[in-house]
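First to last, the protein sequences are chains U and Y. Here full-length UniProt numbering is used: position 440 in the first sequence is 440, and no number is missing along the way. Here full-length UniProt numbering is used: position 99 in the second sequence is 99, and no number is missing along the way.
Worth flagging that the hints you see were computed from the coordinates, not collected in a lab. Just so you know, not all the hints are guaranteed correct.
To be verified - Straight-line C-alpha distance at most 20 Å; calculated SDA-like pairs for lysine to any residue:
no., chain 1, residue 1, chain 2, residue 2
1, U, K341, Y, P82
2, Y, K116, Y, H72
3, Y, K93, U, K36
4, U, K248, Y, K93
5, U, K318, Y, Q38
6, U, K447, U, L421
7, Y, K162, Y, A147
8, Y, K71, U, T311
9, U, K318, Y, K126
10, U, K318, Y, A58
11, U, K163, U, Q392
12, Y, K71, U, F319
13, U, K340, Y, P77
14, Y, K119, Y, K71
15, Y, K86, U, S276
16, U, K248, U, T342
17, Y, K86, U, D274
18, Y, K93, U, T342
19, U, K255, Y, K86
20, U, K127, Y, A147
21, Y, K71, Y, R42
22, Y, K86, U, R218
23, U, K340, Y, P82
24, U, K36, Y, L167
25, Y, K86, U, I212
26, U, K138, U, P72
27, Y, K116, U, K138
28, U, K318, Y, H72
29, U, K340, Y, S76
30, U, K36, Y, N174
31, U, K36, Y, Y23
32, U, K318, Y, N174
33, Y, K86, U, E253
34, U, K318, Y, K71
35, U, K318, Y, L167
36, Y, K93, U, S215
37, U, K248, Y, N174
38, Y, K126, Y, L115
39, U, K138, U, L421
Values in this document were obtained by computation on a predicted structure and should not be read as measured data.
As a plain string of letters, each chain reads:
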Amino acid sequence: MLSLASRSLPAGSALASASRNGTVQSVQVRGYAAPKGPAKIQKQGFVNKGKKKKFIQTVDPNKMKRIPAFKPLTANQLKSEIFHEDVKTELQLPVFRPDALTESNALAKVMEFPTQSNLINRFGVPKNLNIEYRILSKSCAVVRDITLTALDKLDAASASSSKDNRVVLTGSSGCGKSVVLLQAAEYCAGRGWIVMYVPRVHHTVDSSTAYIYDSRTRTYLQPRFSWQVLRRFLDVNTTLLQDLKTTKEFPVERKAPVQAGSPLTDLINVGLQDGSLAPSVLSSLMTELSRQKTYPVLLALDNFQALYTRTTRYRDPKFEAIKPYHLSVPRLFLEYASGKKTFARGAVVGALSEGRADFVTPLELCEALGLPFPRPAGPYVRRVPEIVDYSQGLQKLAVPEKLSIDEAASLFDVWNTDKALHSLPDDDLFMSKYSEASGNARAFVWKGLLATLTS
Amino acid sequence: MVHILGKVLPDSHLARHALTNFYGIGRYTAHRLCARMQIHDRCRVRELTPAQILNLTAFLSSPTSAPSAPKHPLASPSFIAPGPGKAPAAAPKPRIVEKDAAAQAQASTKRGDPLKTLKIETELKKEIRENIMHQRMIGSYVGRRHALSLPVRGQNTQTNAKTARKLNRLGRYN
Chain U
1 MLSLASRSLP
11 AGSALASASR
21 NGTVQSVQVR
31 GYAAPKGPAK
41 IQKQGFVNKG
51 KKKKFIQTVD
61 PNKMKRIPAF
71 KPLTANQLKS
81 EIFHEDVKTE
91 LQLPVFRPDA
101 LTESNALAKV
111 MEFPTQSNLI
121 NRFGVPKNLN
131 IEYRILSKSC
141 AVVRDITLTA
151 LDKLDAASAS
161 SSKDNRVVLT
171 GSSGCGKSVV
181 LLQAAEYCAG
191 RGWIVMYVPR
201 VHHTVDSSTA
211 YIYDSRTRTY
221 LQPRFSWQVL
231 RRFLDVNTTL
241 LQDLKTTKEF
251 PVERKAPVQA
261 GSPLTDLINV
271 GLQDGSLAPS
281 VLSSLMTELS
291 RQKTYPVLLA
301 LDNFQALYTR
311 TTRYRDPKFE
321 AIKPYHLSVP
331 RLFLEYASGK
341 KTFARGAVVG
351 ALSEGRADFV
361 TPLELCEALG
371 LPFPRPAGPY
381 VRRVPEIVDY
391 SQGLQKLAVP
401 EKLSIDEAAS
411 LFDVWNTDKA
421 LHSLPDDDLF
431 MSKYSEASGN
441 ARAFVWKGLL
451 ATLTS
Chain Y
1 MVHILGKVLP
11 DSHLARHALT
21 NFYGIGRYTA
31 HRLCARMQIH
41 DRCRVRELTP
51 AQILNLTAFL
61 SSPTSAPSAP
71 KHPLASPSFI
81 APGPGKAPAA
91 APKPRIVEKD
101 AAAQAQASTK
111 RGDPLKTLKI
121 ETELKKEIRE
131 NIMHQRMIGS
141 YVGRRHALSL
151 PVRGQNTQTN
161 AKTARKLNRL
171 GRYN
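The following block holds chain U by itself, in its conformation from the complex (with noise of 0.2 Å):
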């Protein structure tokens, strides 16, 4: 029979004593140690200390609140002549839309993100990004050539299956390919395509989310996971997906079938309002997107090689690691990546994440991608079949370690601008802290121009 009351001290150990404060204590006499009582709150105000008087000024450690994200103030925050010098200026930079993106006009230019694609708020950014547009006063990027070189793929892929055109974006750690992935989302949201754009899908195996179990699919669903996803979804491609029709009848569990005809918003709605059917109308609705040709699709994924780990953090009932494969979001995302299911017209664009320790490039993904593994691989070492299933056909599309000059300045001039520099702004500053870098975007920034006092 177990003990009913947690705080229950062993019989005849308890000797209640009362302190100074008025409460009481137990005191342990003998036998394991009592439990942690709650934490003393002392009072505020003057306490006699002997002759002197003693302000005791202490914080109810039950009622500490955790510390909120750091937000810059705004401009209307700082009126006082005192913030005189950090007055913000407002960033005027043009804006990324399709029709200004040329070689001539954007190449190594400062362009912000539109507010208008709400992509950025809904879909949320990698947590790298995050930081940055938190410091910065606009969610911008500065346009490469590969940049260009990708939309062009892009607007190639548009008219052709998803099947040609898997590309996975490679290169080393602060090179800057999650940004040419956001950029690669925003413009095709600018171009009409229907964007589904995942900034961390290493959240889908690193056990972060619900899972459970169906006998159907033989695989664990993800339900959370699947209905921020369709949640997100909906709120970025409203208008597109409230053109499309469904073609066929989808049958829901416990619930009246989507009617053939029906707007795809009805069957993504059947998912947000009972959370339970997010994974199997996830499935359905990406199984509609990919038979439509009206529309170009695009599947955005970030952290791309988390997808294809050996095993995930997930753990099954005989606590066996669970793989990748037999999640249901993962499954989905490495159906499409691999070329086992394809969007009639679209794309399926990856970017690879060099600088995480949890989730490293698999052997399997960079041989597949022509990438070089940091440790000896010979023909001994095992390449699990599925996983080489899973990456057959995939291209590389390799980002450029180093910044131009030209698009090192562009960045330095915002952040400048935006009053982030705490050293003079000039030549010499920039030169020292992109040869530091070596042109990696990544360091220049963060450990060049943020990390500076002096030149």
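Please arrange chain Y on chain U, whose structure you already have, making use of the hints.
Chain Y in isolation, oriented as in the chain U frame:
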């Protein structure tokens, strides 16, 4: 606040960590318990569904009589599931692999499922008490040291041994 078998699990705690509040459940057993109940690593106690709480309570009230972990057939990459609302396809028959004697001997030495023989709270304390009483009854060195409230495992007594003097006794873990 979730109450399981009299223990209060704070809402903001990770479920996997909160389960270690039970006497007899450490980090590894808690991990295995979460895997058995399909509770993900980052699940907070407030996110536990009523079904999961019920299953946890049912399991922990008598771990030895709980059914063993279910075998879930998993989809190969080429498996195509029947549509929603349709009955699942017949599960494949498990392959019977004949292990040779050496492999079987090796398998039996591996750490089995700790949840099969899990004891918590009063049952575990009773078992430990009985072990100490048994040592005393057979007149062993271990039993004598418990009776004298001295260190049992060969620690120094010239110095230190304060914890042993405080905690070691025949009626320990009451």
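Take the C-alpha atoms of Y/K116 and Y/H72, compute the straight-line distance between them, and say whether it is at most 20 Å.
Given that 20 Å is the threshold and the Cα spacing comes to 18 Å, the pair holds.
Is it true that the CA of U/K36 sits at most 20 Å from the CA of Y/N174?
19 Å, holds
Given pair status - Y/K86, U/K255, alpha carbons within 20 Å
13 Å, holds
Decide if the proposed pair is consistent with the structure: U/K340 and Y/P82, CA atoms, cutoff 20 Å inclusive.
17 Å, holds
Does U/K36 sit within 20 Å of Y/K93, going by the straight-line distance between their CA atoms?
Judged against 20 Å, a Cα distance of about 52 Å means the pair is violated.
Would the hint linking Y/K86 and U/I212 be met if the CA-CA limit is 20 Å?
18 Å, holds
Take the C-alpha atoms of U/K318 and Y/L167, compute the straight-line distance between them, and say whether it is at most 20 Å.
37 Å, violated
Hinted pair Y/K116 and U/K138, Cα distance within 20 Å:
57 Å, violated
Decide if the proposed pair is consistent with the structure: U/K248 and U/T342, CA atoms, cutoff 20 Å inclusive.
Holds, because 18 Å separates the two Cα atoms, which is no more than 20 Å.
Does Y/K126 lie within 20 Å of U/K318 when you go C-alpha to C-alpha?
At roughly 29 Å apart (the allowed maximum being 20 Å), Y/K126 and U/K318 break the hint.
Does Y/K71 sit within 20 Å of Y/K119, going by the straight-line distance between their CA atoms?
It is violated: about 24 Å lies between the C-alpha atoms, which goes past 20 Å.
Would you mind confirming whether the straight-line C-alpha gap from U/K138 to U/L421 stays at or under 20 Å?
16 Å, holds
The structure is inconsistent with the numbered hints 3, 4, 9, 14, 18, 20, 21, 27, 32, 35, 37, although it conforms to all the rest.
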